[in-house]
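If you read the sequences in order, they're chains P and X.
Okay, so the first sequence: first residue is 1 according to UniProt numbering, each after it adds one.
Okay, so the second sequence: first residue is 1 according to UniProt numbering, each after it adds one.
Calculated from the structure, these hints are not laboratory results.
These numbers come from a predicted model, not from an experiment.
The beta-carbon is built from N, C-alpha and C at its ideal position, and this holds for glycine as well.
Treat the hints with care, since some could be wrong.
Said to hold, decoys possible - Simulated coverage check for chain X against chain P, where a stretch passes if three residues somewhere in it have a Cβ under 8 Å from a Cβ of chain P:
#1 70–76
#2 175–188
As the list claims (entries may be wrong) - Residues from chain P that keep clear of chain X, each with C-beta distances beyond 10 Å, as calculated:
#3 G22
#4 D82
#5 L254
#6 V268
In case you want the letters, here they are:
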Amino acid sequence: MFDTETEGARIELRALTKHYPGQPAPAVDNVDLDIPAGELVVFVGPSGCGKTTTMKMINRLVEPTSGEIRIGGKDVLSLQPDELRRHIGYAIQQVGLFPHLTIGQNIGLVPKLLGWPAARIAARVEELLSLVNLEPSLFHDRYPRQLSGGQQQRVGVARALAADPPVMLMDEPFGATDPITREHLQKEFVRLQKRLRKTIIFVTHDFEEAIKLGDRIVVLRERSHIAQYDTPAEILARPADDYVAGFVGQDATLKRLALLRVEDVAPVGPPQPTGLPQVAAGTSLREALDVMIAHGSDRCSSPSGVLTYAALCGVVGTGRPSSTGQEPEAVPSLPAPEKVVAGGR
Amino acid sequence: MAADTLTADILGSEASEGAGVPGAPETAGALTADRARPSRRAARLRLLLTPAAVCAVLAALYAWVSAQDLDSIEQRSLNPSVILTKAAEHLEMTLAATALVVVIAIPLGIVASRSRNRIATPVILTAANLGQAVPCIGLLVLCTFLMGVGFQTALVGLVAYSVLPVLRNTMVGVQQVDPALVEAARGMGMTRGQVLRRVELRLAVPAILAGLRTALVLTVGVATLGAFVAAGGFGELIINGLKLNRMPVTVVGGVLTACIAFLIDWLGALAENVLRPRGL
Chain P
1 MFDTETEGAR IELRALTKHY PGQPAPAVDN VDLDIPAGEL VVFVGPSGCG
51 KTTTMKMINR LVEPTSGEIR IGGKDVLSLQ PDELRRHIGY AIQQVGLFPH
101 LTIGQNIGLV PKLLGWPAAR IAARVEELLS LVNLEPSLFH DRYPRQLSGG
151 QQQRVGVARA LAADPPVMLM DEPFGATDPI TREHLQKEFV RLQKRLRKTI
201 IFVTHDFEEA IKLGDRIVVL RERSHIAQYD TPAEILARPA DDYVAGFVGQ
251 DATLKRLALL RVEDVAPVGP PQPTGLPQVA AGTSLREALD VMIAHGSDRC
301 SSPSGVLTYA ALCGVVGTGR PSSTGQEPEA VPSLPAPEKV VAGGR
Chain X
1 MAADTLTADI LGSEASEGAG VPGAPETAGA LTADRARPSR RAARLRLLLT
51 PAAVCAVLAA LYAWVSAQDL DSIEQRSLNP SVILTKAAEH LEMTLAATAL
101 VVVIAIPLGI VASRSRNRIA TPVILTAANL GQAVPCIGLL VLCTFLMGVG
151 FQTALVGLVA YSVLPVLRNT MVGVQQVDPA LVEAARGMGM TRGQVLRRVE
201 LRLAVPAILA GLRTALVLTV GVATLGAFVA AGGFGELIIN GLKLNRMPVT
251 VVGGVLTACI AFLIDWLGAL AENVLRPRGL
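For reference, chain P alone in the conformation it holds in the complex (with noise of 0.2 Å):
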């Protein structure tokens, strides 16, 4: 349906307006928005702000009043909503496995309606199976009943995976879960974005879970406008205005350097095995801070070399007098922010 099948398509909305009769206002006010293809944006704000609503209309489950969407170049309302579903992945907070069915059979829901032979169904049914962790001979003929909050949000996952489409549209998916699994459920999620390179739009009303997961944040006021639309690391470093400043909250900075690894800092001197309190590799800066903190020392050596309290504010302070239009070093890990039109009126 799309000219890439699998990996990410491009998604751009262009003044894409909704308005529900009889209300004053347009829920969704003329919304600009490019997404590159292959990224994970985060689309955050308070409920009610209309994210929902501009996200559900990229799969015409509501229709907009006006403007335009175009999938990998091609023009969203100009297809059959119900044809243009099955190739864009869904997936919502209360996930909705159908009861009745199976997991096997919910998982291969969509290719059955794309009208697949049953045999390349069932192939894929085991594949996303265990791509979601779930061991396929366990639970491939239970009923979504006798499974766990966190168990039925990864078949949700894979469910909205199963026809492999190149577009993932993911409405708080992992907001029924508790605390820990809903880590869990995170991290997995981001390995598992690391493989696929989808395209998707995930909405939140969560920050925090919008900088774990986002490689750009689409922060939201009323009406959908758009606030800012930029990389974690730029959204925590320059917050547009005080509305997204306030959404960021009062620890940028060291929601900035849960961002960073230890590799990603410049070290004062080899790695040394004594004497300093030890952090492992791919260790994120905030937890190196914690452990220096825990331990009363100025620094702390990981594999890559000695970290330096000092070091961890060259990185990521803006406070400092020398800060004359000097960039915090660049996110080694996050890919540069390209020109994208991001802006609502």
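Please build the complex by placing chain X on the supplied structure of chain P, with the hints as guidance.
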């Protein structure tokens, strides 16, 4: 040997400890199965209760009638061929009426459940309510003026009377389906028809079957009125017995009607168990 058993024991106890951890994936199914087992056995026993009781009542009825000194009028009604004929007529009326109810009430229930038919819903419900509220015997008399006496006239009355439970249960059954499921189904690319057939109606099956069961039992009772429009059935035994002042004939007609109602209710329960979607 001994060591092997010991290892097995240890492994076994470890496994059962593992099973005790809340949220361990394998346990959820096992626990529900364990909890369900005694209640399932109880349900199975309850299922045997109805046929056993009906058999006992029939045996007692047979013994009582055999002990009576029947006169020629009674003998003309209380003989196997007449009773079997009446039973066949009664069942025929009941099943034909129920089949018509299925064909009429389920589609109407679906129409009434759709939110875009907000105007049609009260009209449909009022009509169905009227069918049940109007005394059936009055309706039968009215139908006789229009259609004459006979099987078909009786059917009209029966259908009018038993549409409501099926219609209402279909409507409620479809409406009570979790909106999140409908949204998920639409979001996955099912057409409205597919959502209705594959999700909403499947999940409404228990409610629809419960309505059908109620309708069947109602119909068995009301079918006795079919005798007034010469449609036969056990109603004939009851009315003849009353008219001719032959108490045993009336009792046999009444008891047999009740037995059929119980058996049909029982079959309904069996059908509910078999047809309810697994996983609910």
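Do the hints match the structure? See the list:
Counting residues of the stretch 70–76 of chain X whose CB falls under 8 Å from any CB of chain P gives 0; the rule of at least 3 is not met. Three residues within the 8 Å Cβ limit are the bar, and the stretch 175–188 of chain X against chain P gives 9, so the coverage statement holds. The beta carbon of P:G22 sits about 16 Å from the closest Cβ of chain X, which is more than 10 Å, so the claim that it is off the interface holds. With a least beta-carbon separation of about 5 Å from chain X, P:D82 fails to lie farther than 10 Å from that chain, contradicting its non-interface assignment.
Interface exclusion of P:L254 from chain X stands, the closest Cβ pair being 31 Å apart, more than 10 Å. For P:V268, the shortest C-beta to C-beta distance to chain X comes to about 45 Å, beyond the 10 Å cut-off, and the non-interface label holds.
Consistency note: the structure conflicts with the earlier hints numbered 1 and 4.
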